[in-house]
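A.B. asks: Going down the list, the protein sequences come from chains A and B.
Okay, so the first sequence: first residue is 1 according to the working numbering, each after it adds one.
Okay, so the second sequence: first residue is 1 according to the working numbering, each after it adds one.
The hints are simulated quantities; they were obtained by calculation from the structure and are not laboratory data.
Careful: at least some of the hints might be erroneous.
Given that identical chains are not distinguished, each listed pair holds provided it fits within a single copy or across any two copies.
[Stated by the list, open to error] Cut-off 20 Å, straight-line C-alpha distance, at most; resulting in silico cross-link-like pairs (DMTMM-like, lysine to aspartate or glutamate):
1) 160 x 49
2) 119 x 274
3) 284 x 334
4) 278 x 36
5) 119 x 174
6) 279 x 109
7) 291 x 311
8) 119 x 106
9) 177 x 49
There are 2 protein chains.
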Amino acid sequence: MIEALKNQYASISDSHIKKDDIIIKALYQRVKMVNESIPRFLTITPPDEMYLAMHHLLDAGGKRLRPSALLVAAEAVGGEPEDVIPAALAIELIHNVCLIHDDIIDGADMRRGYPTVHKIWGVSGGILAGDALYSKAFEILSYAKSGPSQIVESMQILSKTCIDLCEGQWMDIDFQKRNDVTESEYLQMVEKKTAVLFAAGLKIGAVLSNASREEAQALWDFGCLAGVGFQIYDDVIDLIASEGILGKPEGMDIIEGKRTLIVIHALSKGVTIDAFGKKDLTRKEISGAIKILKETGSIDYALNVASSFIEAGKSALGILPDSEAKKILVGFADYMIERKY
Amino acid sequence: MIEALKNQYASISDSHIKKDDIIIKALYQRVKMVNESIPRFLTITPPDEMYLAMHHLLDAGGKRLRPSALLVAAEAVGGEPEDVIPAALAIELIHNVCLIHDDIIDGADMRRGYPTVHKIWGVSGGILAGDALYSKAFEILSYAKSGPSQIVESMQILSKTCIDLCEGQWMDIDFQKRNDVTESEYLQMVEKKTAVLFAAGLKIGAVLSNASREEAQALWDFGCLAGVGFQIYDDVIDLIASEGILGKPEGMDIIEGKRTLIVIHALSKGVTIDAFGKKDLTRKEISGAIKILKETGSIDYALNVASSFIEAGKSALGILPDSEAKKILVGFADYMIERKY
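Throw the hints in and build the complete structure from the sequences for me.
C.D. replies: Okay, structure coming up:
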C-alpha cells in the first residue's frame with residue numbers, strides 16, 4: 001500500500017522519501033478517508049449519466065492535497081478528522097468543478113490520463129456536471145459535525161473562495177491577451193485561482209473544530225502562501241515533466257500562451273519565445289521554448305520564488321501548538337515543491 | 001409607477017387588472033425591494049468585466065417572480081420581508097445562473113431583449129459569470145437575518161434544489177433526442193427544472209421566518225404545483241406570444257425540438273410535425289406547426305393541465321392562517337397562467 005503511494009507521491013529522491021516516510025503515510029491515510037467518502041455522499045441516481053459525468057474526473061484520481069490538508073488542519077487545532085470529512089470532500093468537489101469548467105474554457109482534451117468530461121458528455125454535459133458538483137459541495141459541507149454557526153461561517157468562507165476562483169480564472173484568461181503582465185499581477189491571480197482553495201480548506205477544518213481566530217487565520221495564511229508556491233511549482237512541472245506522468249501533454253502552458261512567472265521573468269529579460277501561444281506546435285518547438293526558458297534562468301528563478309513562499313507558509317504555522325499534525329503540515333508544504341507531478 | 005408595472009405585468013384583460021390591482025401593486029413593491037438589493041450585495045470590483053457579465057442579465061430585467069414569492073411567503077408565516085431580502089436575491093441569482101448556462105447549452109443569442117451573456121463575453125465568460133453568481137448566491141443567503149440553524153437549513157434547501165435544476169436541465173436535453181417521452185416524465189422534468197426553485201424560495205422564506213414544519217411544507221407544495229403550472233403555461237407562451245413581448249423569437253421550442261406537454265399531447269394523437277427540431281425554419285413553417293398544435297387541441301390541453309396545477313397549488317395553502325400575504329400568493333398563482341409573457 002505504502003509502496004503504491006510512494007509511486008503516486010514520488011518525491012525528488014529516494015533519500016527524501018525515506019526522510020519523509022511519515023508524510024507519505026499521513027497523506028495516504030487522509031486520501032483513503034476522502035476516497036471512501038465519495039460513494040457515501042455521491043450516489044448514482046437518475047439521470048445516471050449526469051452522476052457518471054460528475055464522478056468521471058473524481059474517480060480518475062488526483063492527489064487530494066486540498067481535502068487532506070483540511071483533515072490535518074482539524075487535527076492541528078485539536079479536532080476530529082472524522083467530523084470534518086464532509087467539508088474535506090466539499091473542497092475536493094469544488095476543485096473538480098474548476099477543472100471540469102476550465103477544461104471547457106481551455107478546450108483541453110485530456111486530464112488525469114482520461115478524456116475530459118466535455119469530450120465525453122459534450123459542453124452541455126461539462127457545464128451541468130460542474131454546476132451539480134458545485135451544489136453538491138455546499139450540500140455535503142452542511143453535513144459536517146459541528147455547530148450551526150461554524151457551518152454558516154464555513155459556507156461563507158467557501159462561497160467567497162469560489163468567487164475568488166472565478167476571479168482568478170477570469171484574470172488568467174485576460175492575461176493571455178496581454179504582454180505586460182507584472183509579477184505582482186501574476187501572484188494575485190495565482191493566489192485567487194489556486195491558493196485560496198487550499199487556504200479555505202485549512203481554515204474550514206479549523207473553524208469546524210472550534211479553533212481560535214488566530215489559529216484559523218494562521219492556517220489560512222499558511223494555505224495562501226504554500227498554495228502560491230504550489231502553483232508556481234506546478235507551472236515548472238508543466239514544462240519539465242513528461243506526458244506519462246502528467247496525464248496530459250507537457251508544455252501545454254506554452255501552447256496556451258499562459259503568462260506564468262517563468263514567462264513573465266523571461267519577457268522581463270527581453271527574451272522572445274516564438275512558440276508562445278501558437279497552436280499545433282511540434283514537440284521540437286516546445287522543447288526549444290523550454291530550453292530558452294532554462295537558459296534565461298527563468299525556471300530556476302520560479303523555483304526560488306516557489307521555495308520562498310513555502311518557507312513563509314511554514315513560518316505562519318508558528319503560533320500553532322507543536323503536534324504530529326503540525327509536522328505533517330510542514331511536510332505537506334515541502335512536498336508541494338518536491339513532487340514530480 | 002403602477003401604470004408601468006401594469007404594462008410589465010400585463011394580464012389577459014383589463015377587467016382582470018382591475019380585479020387584481022392589489023396583486024399588481026404587491027408584485028411591484030416586492031420587485032422594487034429585490035431590485036434595490038442588487039447593487040447593495042453585488043458591487044462591481046476588479047476584474048470589472050466579470051462583474052459586468054454577472055450583472056448583464058440581472059440588469060436586463062425579468063419578472064422577479066421567484067424572489068417576490070419568497071418575500072410574501074415570509075410575511076404569510078408572520079416574518080419580516082426585510083430580514084429575508086438576501087435570501088430573495090439569492091434565489092434570483094440562481095435563476096439567472098440557470099438562464100446564462102442554459103443559453104450556452106441551447107446556443108441562444110437573445111434573452112430579455114438583449115444579447116445573451118456568452119454572445120458578449122464568450123463561452124468562457126458565460127461559464128465563469130454563472131459560476132460566480134452561483135457562489136455569490138450562497139454567500140448572500142448567509143446574510144439573511146435569522147438564526148444559524150435556519151440559515152443552514154436554507155442552504156441545504158437551496159443546494160439540493162440546485163442539483164434538481166441540473167437534473168431537470170439534463171433530462172430536458174436528453175428528452176430532445178427521444179420520441180417516446182411520456183407526460184409523467186415531462187412533469188417530473190418540469191418539476192425539477194422550474195418548479196423546485198419557486199418551491200425552494202417559498203420554503204426558505206418560511207424557514208428563515210421560523211415557520212412551523214407544516215407551514216414550510218405547505219409553501220413548498222404550493223411552489224411545486226404552481227411552478228409546474230407556470231412552466232406549462234410558459235411553453236404555451238413560447239408558441240403564442242410575439243417576439244416583441246418575449247425578447248426572443250417565438251416558437252424557439254419548435255426549433256429546438258423541445259418535448260413540451262403540448263408536443264407530447266400532439267404526438268400521442270399521432271400528429272407529425274415536420275418542422276420539429278429543424279434549424280433555419282421560416283416564420284411560415286413555425287406558424288404552420290403552431291396551427292397544427294392548435295387544431296389537435298394540444299394547446300388547450302396544456303392550458304387545462306396548467307390550470308389544474310395552479311388550483312392544486314392554491315389548495316395546498318389551506319393550512320396557512322388567512323392574511324393579506326396569503327391572498328397575494330393566491331393572486332400570484334392566478335397571474336402565473338394569465339400573464340402575456
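A.B. asks: Taking the hints in turn, state whether each one holds.
C.D. replies: Evaluated hints:
In the homo-oligomer, the alpha carbons of residue 160 and residue 49 lie at most 20 Å apart only across protomers (18 Å), although the nearest pairing inside one protomer, at 30 Å, exceeds that limit. Neither within a single protomer nor between protomers do residue 119 and residue 274 lie at most 20 Å apart by alpha-carbon distance, with minima of 30 Å and 31 Å respectively. In the homo-oligomer, the alpha carbons of residue 284 and residue 334 never lie at most 20 Å apart, since the shortest distance is 33 Å inside one protomer and 69 Å across protomers. In this homomeric assembly, residue 278 and residue 36 never come within 20 Å of each other (Cα to Cα): the closest approach is 42 Å inside a single copy and 47 Å across copies.
When the C-alpha separation of residue 119 and residue 174 is checked against a cutoff of 20 Å, the pair qualifies only between copies, where the shortest distance is 17 Å, while the shortest distance within a copy is 24 Å. Proximity of residue 279 and residue 109 under a CA criterion of 20 Å is satisfied intra-copy only: 14 Å inside one chain copy versus 28 Å between copies. Taking the closest pair of Cα atoms, residue 291 and residue 311 never come within 20 Å of each other, the shortest separation being 28 Å inside a single copy and 73 Å across copies. For the homomeric pair residue 119 and residue 106, the shortest alpha-carbon distances inside one copy (12 Å) and between copies (18 Å) are both at most 20 Å.
With identical chains, the CA atoms of residue 177 and residue 49 are at most 20 Å apart between copies only, with a shortest distance of 14 Å across copies and 36 Å within one.
Checked against the numbered hints given earlier, the structure breaks hints 2, 3, 4, 7 and satisfies all the rest.
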